[in-house]
Amino acid sequence: MPVTVKWGKERQAADCLLLLCAVLTIHRISFDLPAPDTPLYAVRKSLADYTHLPIHAFKLIHAGAVMKDDNAPISAYHLHSHSTIALIGAADIPAPAAPATSPSERSVLATIQSELASVRTSLTPAVDAFLPHPTDHREHARLGELLLQSLLRLDGIVADPSWDHARKERKDAVREVQDMLDRLDNAWAARSI
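Heads up: the sequence shown begins at 9 in the working numbering, then just goes up one per residue.
Hints were generated in silico from the structure; no laboratory data involved. The model shown is predicted, which means the values in this text are computed figures rather than measured ones. C-beta atoms are modelled at their ideal positions from N, C-alpha and C, and glycine is treated no differently.
Think about it this way: if two alpha-carbon atoms lie no more than 20 Å apart in a straight line, the pair counts; the simulated EDC-like pairs of lysine to aspartate or glutamate are: (1) LYS176 - GLU123; (2) LYS176 - GLU113; (3) LYS179 - ASP190; (4) LYS176 - ASP187; (5) LYS76 - ASP57; (6) LYS53 - ASP77; (7) LYS53 - ASP40; (8) LYS53 - ASP78; (9) LYS179 - GLU113; (10) LYS67 - ASP77; (11) LYS67 - ASP57; (12) LYS76 - ASP45; (13) LYS179 - ASP163; (14) LYS179 - GLU123; (15) LYS67 - ASP78; (16) LYS179 - ASP168; (17) LYS176 - ASP163.
Pairwise CB distance ranges (calculated): (18) ARG191 - ALA65: 54 to 60 Å; (19) ASP144 - ASP190: 14 to 20 Å; (20) ILE69 - ASP45: 18 to 24 Å; (21) ASP168 - HIS60: 32 to 38 Å; (22) ALA195 - SER170: 36 to 42 Å; (23) ALA149 - LYS176: 29 to 35 Å; (24) SER170 - SER122: 20 to 26 Å; (25) LYS76 - PRO169: 34 to 40 Å; (26) SER89 - SER170: 55 to 61 Å; (27) ALA65 - PRO44: 25 to 31 Å.
Could you put together the complete structure from these sequences and hints?
Here is the structure:
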């Protein structure tokens with residue numbers, strides 16, 4: 009009764025009397041199912057020897073369930089002929105990618121500068137045109153909303169504490185957009201006085 013173990017993105021196959029033996033292809037391991045009372049630890053140990061991973065550096069998953077109890081017999085996991093076990097090891101578990109979760113200071117600066125350039129080109133002229141005659145309630149609400157959205161986007165930019173330049177740029181950008189919003193709201197409040 010062969011059982012297949014998938015490991016990594018490729019597959020390996022092996023024919024064997026008990027657990028693992030001759031490798032035929034890469035990353036798909038096939039082995040005959042051991043006796044039902046064989047503890048999961050024996051299967052895990054054979055796979056650890058074969059993959060050269062530390063014995064507790066991977067998970068075994070069958071039918072969507074993690075096979076956790078190494079002392080349980082393999083029959084407890086309902087393995088049968090042609091079952092497939094996924095081996096999720098350290099090589100398969102994606103490490104947090106530094107650029108994706110922690111962008112470089114240069115990319116953070118570019119994001120800040122892009123947001124500020126967008127505000128300067130589209131909102132600054134509109135706010136400057138609105139300030140002398142603040143009478144249109146809809147225009148006040150539209151400009152205020154767009155400035156708040158810009159502040160939220162700037163607030164969502166995370167700069168590493170060691171990136172002094174990026175943190176200063178973000179702070180200056182927030183200050184500039186907030187100042188524009190304050191001028192807009194002060195002009196709106198002063199119109200009725």
